[in-house]
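A.B. asks: These protein sequence lines map, in sequence, to chains R and D. Residue numbers for the first sequence follow the working numbering, beginning at 35 and rising by one. Residue numbers for the second sequence follow the working numbering, beginning at 23 and rising by one.
Source of the hints: derived by calculation from the structure; they are not laboratory data. Any given hint could be a false lead.
[Said to hold, decoys possible] No farther apart than 20 Å at their CA atoms in a straight line, the calculated lysine to aspartate or glutamate pairs in the EDC-like style are these: (1) R:51 / R:135; (2) R:52 / R:76; (3) D:48 / R:113; (4) D:48 / R:93; (5) D:78 / R:93; (6) D:91 / D:27; (7) D:129 / D:115; (8) D:91 / D:105; (9) R:91 / D:115; (10) R:91 / D:117; (11) R:65 / D:27; (12) R:65 / D:75.
[Unchecked claim] Some residues of chain D that are not near chain R, with every Cβ distance over 12 Å (derived): (13) 42; (14) 55; (15) 70; (16) 83; (17) 88; (18) 99; (19) 105; (20) 112; (21) 113; (22) 125; (23) 129.
Predicted model only: the values in this text are computed from it and were never measured. We put the beta carbon where it would ideally sit given N, CA and C, even for glycine.
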Amino acid sequence: EADIYQTPRYLVIGTGKKITLECSQTMGHDKMYWYQQDPGMELHLIHYSYGVNSTEKGDLSSESTVSRIRTEHFPLTLESARPSHTSQYLCASSEFPDWGEQFFGPGTRLTVL
Amino acid sequence: SQQGEEDPQALSIQEGENATMNCSYKTSINNLQWYRQNSGRGLVHLILIRSNEREKHSGRLRVTLDTSKKSSSLLITASRAADTASYFCATFDNDMRFGAGTRLTVKP
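With the hints as constraints, model all of the structure from the sequences given.
C.D. replies: Structure, rendered in structure tokens:
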């Protein structure tokens with residue numbers, strides 16, 4: 035079944051730890067996105083990718099980095115987590131053209147103590 | 023950055039009533055989409071309306087688009103408790119921009 039997965043769903047870590055949030059999709063979509071969303075608030079685009087070896091920064095400045103070595107996989111890494119990184123992180127994918135429907139994963143809720 | 027703004031921010035209705043949410047945006051768009059988000063989950067695409075369309079239906083959903091006023095509305099008819107969620111509009115003008123959402127509560 036075509037889907038988009040995120041792991042872990044919940045993560046509580048201490049300040050200074052390095053973390054990687056995983057995102058995988060089985061739909062063969064070229065474009066993938068990472069959004070950051072605080073509770074009850076709008077989504078902010080932090081990274082996106084047009085395909086393998088393509089990564090771009092979004093509107094919201096973020097200290098995270100991403101990689102796209104395989105079409106299906108788009109992990110997000112925080113080298114040194116801080117309490118200000120506490121938020122929900124949503125991964126999404128879409129087919130070209132990029133104005134179409136986006137498919138979202140269930141999200142990772144990150145808490146940095 | 024935010025492009026669409028939903029109104030109202032929160033809406034509480036009884037089961038069976040209709041729910042109307044509005045979205046205003048600032049720039050010209052290719053299309054406008056509505057998404058639904060259950061608490062703590064990812065977003066689910068509901069409906070897409072192109073800039074040259076004025077109205078679109080999908081089941082109990084009706085979306086209108088007025089490009090002259092840069093606004094859209096989402097109507098959910100005969101609401102159910104399961105419709106309780108946040109509803110976001112998203113516009114595409116080089117990239118997708120989401121609003122802050124309307125939090126809909128449908129009381130049984």
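A.B. asks: Against each hint, give a clear statement of whether it holds in the structure.
C.D. replies: Hints versus structure:
For the given pair, residue 51 of chain R sits about 35 Å from residue 135 of chain R by alpha-carbon distance, which is inconsistent with the 20 Å threshold. The suggested pairing of residue 52 of chain R with residue 76 of chain R is violated, with an alpha-carbon distance near 26 Å, which exceeds 20 Å. For the suggested pair residue 48 of chain D and residue 113 of chain R, the alpha carbons sit about 36 Å apart, so the restraint of at most 20 Å is broken. With a CA separation close to 17 Å, the supplied pair residue 48 of chain D and residue 93 of chain R stays within the 20 Å bound.
With a CA separation close to 30 Å, the supplied pair residue 78 of chain D and residue 93 of chain R exceeds the 20 Å bound. A hinted pair counts as satisfied when its Cα atoms are at most 20 Å apart, and residue 91 of chain D with residue 27 of chain D qualifies at roughly 13 Å. A threshold of 20 Å between alpha carbons decides the hint, and for residue 129 of chain D with residue 115 of chain D the separation of about 36 Å lies outside it, so the pair is violated. In summary, the hint linking residue 91 of chain D to residue 105 of chain D is not supported, as the alpha carbons are separated by about 28 Å, beyond the 20 Å threshold.
For the hint linking residue 91 of chain R to residue 115 of chain D, the alpha-carbon distance of about 17 Å falls within 20 Å, and the restraint holds. With a C-alpha separation of about 12 Å, the suggested pair residue 91 of chain R and residue 117 of chain D falls inside the 20 Å cut-off, and the hint holds. Restraint check for residue 65 of chain R and residue 27 of chain D: the C-alpha separation of about 25 Å exceeds 20 Å, so the hint is violated. The straight-line distance between the Cα atoms of residue 65 of chain R and residue 75 of chain D is roughly 26 Å, outside the 20 Å bound, and the hint therefore fails.
Consistency note on residue 42 of chain D: stated as away from chain R, and its beta-carbon is indeed over 12 Å from all of that chain's, at 20 Å minimum. Look at residue 55 of chain D: its CB is around 7 Å from the nearest CB on chain R, not clear of 12 Å, so calling it non-interface is violated. Against the 12 Å criterion, residue 70 of chain D falls within the reach of chain R, whose nearest CB is about 6 Å from its own CB. Consistency note on residue 83 of chain D: stated as away from chain R, and its beta-carbon is indeed over 12 Å from all of that chain's, at 15 Å minimum.
Look at residue 88 of chain D: its CB is around 19 Å from the nearest CB on chain R, clear of 12 Å, so calling it non-interface holds up. Residue 99 of chain D, annotated as away from the interface, keeps every beta carbon of chain R farther than 12 Å; the closest lies near 22 Å. Once the 12 Å rule is applied to beta carbons, residue 105 of chain D is consistent with being away from chain R; the minimum gap is 18 Å. Consistency note on residue 112 of chain D: stated as away from chain R, yet its beta-carbon is not over 12 Å from all of that chain's, at 8 Å minimum.
At roughly 10 Å from the closest C-beta of chain R, the C-beta of residue 113 of chain D falls inside 12 Å, breaking its exclusion from the interface. Residue placement check: residue 125 of chain D does not keep its beta carbon more than 12 Å from all beta carbons of chain R (closest about 7 Å). Separation of residue 129 of chain D from chain R is adequate, the least Cβ-Cβ distance of about 19 Å exceeding the 12 Å criterion.
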